[in-house]
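**Q** Residues per chain are reported as follows:
There are 2 protein chains.
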Amino acid sequence: MNTPDCPLCAGAGGDVVWRGARARVVLAEEPQFPGFTRVIWDEHRAEMTDLPAAERAGVMALVWCVEQTQRELLRPDKINLASLGNVVAHLHWHVIPRWRDDSHFPAPVWSLAQRDGGARMTMSKPLVARYRAALAERLEALVKT
Amino acid sequence: MNTPDCPLCAGAGGDVVWRGARARVVLAEEPQFPGFTRVIWDEHRAEMTDLPAAERAGVMALVWCVEQTQRELLRPDKINLASLGNVVAHLHWHVIPRWRDDSHFPAPVWSLAQRDGGARMTMSKPLVARYRAALAERLEALVKT
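In order, the protein sequence lines correspond to chains A and B. Numbering that gives the first Met the number 0 numbers the first residue of the first sequence as 0 and each following residue consecutively. Numbering that gives the first Met the number 0 numbers the first residue of the second sequence as 0 and each following residue consecutively.
The set of hints was computed from the structure by calculation and includes no laboratory data. Certain hints may be false.
No copy labels: a pair is met if it fits in one copy or bridges any two.
[To be verified] Pairs of lysine to any residue, SDA-like flavour, derived with a Cα cap of 20 Å:
(1) K124 x E71
(2) K143 x C5
(3) K143 x T2
(4) K77 x L111
(5) K77 x P6
(6) K77 x W109
(7) K124 x E136
(8) K77 x H43
(9) K77 x G117
With these hints in hand, go ahead and build the complete structure from the sequences.
**A** The structure is reproduced here in structure tokens:
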């Protein structure tokens, strides 16, 4: 699994919420985007089509679980999904809850900030903690089905 | 399927490569990103988890087909996948072939340009035409399997 100089081979890539047999789910450390979550494939692969179809479906099942849990617990205005990997070419999905008053909306989070977004940054830590706990439980239930 | 003021309900959203029973695939009109393709769900839905699991899998099968065809025909350095919809909240996937010398690499295409990228903009039209033809054929074969 280890590729020299790959930060997602060397480390978890965030605050680990759940670990499965082949992938992990972490909370990104992006304070201006509370709830920003990543689904990371453990092995060093660049593209989704580098995985067999069954493994692709397994990754997406994790992404849908994260999306659904964000929608129910965090009630965002929109979900953003992306697998880019231009800087770190190790498969990872960004699952980002977005609100109309966040710093970048409606631009993507990689674009220029549109406003301060301070209100969103102070989203209650207890709410994110409840999301985190629900997500861990649902991911565990998912792999047991 | 029509929602007032939604451009993806009102129009195709690009140069249509293929139409299926529930979704279409278009070439984006983004000259600086040759081969930039979108998979668009025909009905007005905001999030992937608004679709039943089988339909989600159907959308992703189209995305994987586009990705695979881009890799084989266009040989990009990386593929970028994203479903954002902050501006147009009608389900659509961006499938973007990226090259190290394109205008924005390694930044996402929604970020600031890093360089002129002119070399990439002049990618031969015949190559994109071959990609387009192969993609139409493969998508048609996919839905017949």
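**Q** Now look at each hint and say whether the structure bears it out.
**A** Hint check:
no., hint, result
1, K124 x E71, "within (16 Å within a copy, 46 Å between copies)"
2, K143 x C5, "neither (30 Å within a copy, 40 Å between copies)"
3, K143 x T2, "neither (30 Å within a copy, 39 Å between copies)"
4, K77 x L111, "within (18 Å within a copy, 23 Å between copies)"
5, K77 x P6, "between (29 Å within a copy, 18 Å between copies)"
6, K77 x W109, "both (16 Å within a copy, 17 Å between copies)"
7, K124 x E136, "within (19 Å within a copy, 50 Å between copies)"
8, K77 x H43, "between (30 Å within a copy, 14 Å between copies)"
9, K77 x G117, "within (18 Å within a copy, 34 Å between copies)"
Hint compliance for this structure: hints 2 and 3 are not met, and every other hint is.
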